[in-house]
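If you read the protein sequences in the order shown, they are chains V and X.
In terms of my numbering, the first sequence is residues 1 to 349.
In terms of my numbering, the second sequence is residues 1001 to 1254.
To be clear, the hints were calculated from the coordinates, so they are not data collected in a lab.
Fair warning: this is a prediction, and the values are worked out from it, not measured in the lab.
It is possible that some hints are incorrect.
[Stated by the list, open to error] Distance ranges between label pairs, derived from CB positions: (1) V:Lys-258 to X:Asn-1074: 28 to 38 Å; (2) X:Asn-1074 to V:Gly-20: 25 to 35 Å; (3) X:Arg-1047 to V:Lys-26: 11 to 21 Å; (4) V:Lys-23 to X:Ala-1083: 31 to 41 Å; (5) V:Lys-26 to X:Pro-1183: 25 to 35 Å.
Ideal placement from N, C-alpha and C gives every residue a C-beta, glycine not left out.
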Amino acid sequence: MAIDVTRDSLGNMDLLAEGGQGKIYKLTHFRLPDCPSGVVYKEYKDSSKITAAGLTGIVGVRSRMPQSERDLLDRYAVWPVRTVSKDGSIRGILMPIIPPNYVQTGTKPNGQPMRAEREVQFLFISPEQARRLGHGLVNLVQRLRICLEYARGLEFLSSREVVFGDISAKNALYSIGPSSTDISVVMVDCDAVRVTGNAAAVEQLNSPDWDPPGTESRHLTKATDVYKFALFVIRVLSPGANASVSRNPKRVESIFDKEGRKLLEASLADNSRLRPSMQDWLSYLEKFVQTFPTDTTPALRSAPGTAATANNTRTQTRTAPVSATNNPPSAATDGLKLRKVGGKWQWVP
Amino acid sequence: MSDVNHDDQLKLLPFYLVCDVSISMVQSGALDEVNKILPALVEALERNPIICDKIRFSALDFSDDSRVVLPLCNLLDEPSMPAFEGRGGTSYVAAFNALRTQIENDVNMLKADGFLVHRPAVFFLSDGEPTDNEGDWKNAFHNLTFFDKATTQGFRMYPNVIPFGLVGANPQILQQLIHPTQPANRAMSMFMSTGDERAAANAVAEIAKLLIQSVLASGTGVANNGGGIVLPPPDPNGPIAQLGADDDLDDLYL
């Protein structure tokens, strides 16, 4: 598979967005056989700040994969699929279009239309606030499944010696529905990943409030990915005031069992060698999620917020689903409460 | 035994928009544009809601007196945004005195609620010269901004002040409201409209962009022990010029 295309071959393009690093264009006619839904072009503003070999390496990770693995990668990440060159030098990359299930559209409670990528930051704010902004309520079981799916994607990369690097509130999108087990997470902004033993093509940064301890912030590794994933777990499972900046595992300690609490604590260790792997997280979450009901479940009413109120997540009562058009409502489970019965979480009257 | 320190230190950066609502602001159409600032800021925050874990916002007006238009709050928790309404003259004394009282109350409230508080940032927007005596407004500004760390004399919670001037404001006076002016890495700037009075609305629209970018960038930067306020540069081809405390004002209008 050729991994480079020329800029001249891209044809017509419409500017979609402009960021600090570059501009994103929608390609109106250009198609790739391995990206049937279409691609966008990211052109870097300053190509002197990118490492051509690094970008080629990232694209090469995907192109070298057998089809089955590539399908998995495309499920877990909006991965750069081609480099784009002009006059012999790399100017940008092509990326698949973000699938529509990761974009929230509909009407806000105030009647205004809304369209927003479902960045995981919307899972950190209070459910009431998310609803006011037009996002659906996401209950505790769904949140745990989001953690599981994110762990699946990060483990997939980690086991292939890829460091994601800038795990943040905006660099992953989530999708829920139509059924309760229909939950997925996709990583975006993947051009700053790196393969272990190789430098990144684009400088690997730490988003504010996601910096790992001490000097680790200068050299992002698989261990810093684990640290940041632990921050994600805390923030997504204890939505509400200050969740987006919290590093306190006490916010979620009542949700996990002893093994989970130890895993979370170890993941936040200052000493990176004491941290578990993404495989440890994936194995644990696969097992732990099984202790919760698999049926469609009620939505989380409010933020656990603190260790004390986190206990309340075990008896959350259902709130009405929102009216956003592509956010399917939970099943009719009015009046049910989530309780641990015989070691298993269940919805009970 | 874990080597992890899990204490969350919650830091907030309070912003104050202090807006001249004298009659000239109404006549130029500037106030109509100013009233689009808060809704536009809310819209920007709706796309970046987690920034509200790090900032709070308040708005005060001033003419012959000064009133709190929006008490310090999380903007995303407010069901609607209040509007500035025009009246009277241009008393900088009223603005500075009200601001000092408000900042002191708000910072003490946030600290009592357990927050660490960054030095507040004030966006001061005016289209006119003060109607107060020079000595009076200078004295009120001194009371708002002076603090001697060695002797702890003055106002310990003094804010960073970023003046925004529309046509009609005196750039020489606004330049004296930039605070602090040193050290260089903490020095603030002012932003002046370079157009005539017909461009007042455009200038406010550009100011709104700068203000929103500043709030978003500052809110993001509060993490990682950032120092607080971030001032983005204006569009070099736009109707606003950025000036420091020592810049030559002769360069402002050609």
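Going down the list of hints, with the structure as the test:
The supplied range of 28 to 38 Å is met by V:Lys-258 and X:Asn-1074, whose beta-carbon atoms lie about 36 Å from each other. Separation of X:Asn-1074 from V:Gly-20 is about 26 Å and conforms to the stated range, judged on CB atoms against 25 to 35 Å. Separated by about 20 Å at the C-beta atoms, X:Arg-1047 and V:Lys-26 satisfy the suggested range of 11 to 21 Å. The hinted window of 31 to 41 Å between V:Lys-23 and X:Ala-1083 holds, with their beta carbons roughly 36 Å apart.
Range check, V:Lys-26 to X:Pro-1183: Cβ separation about 46 Å, and the 25 to 35 Å hint is violated.
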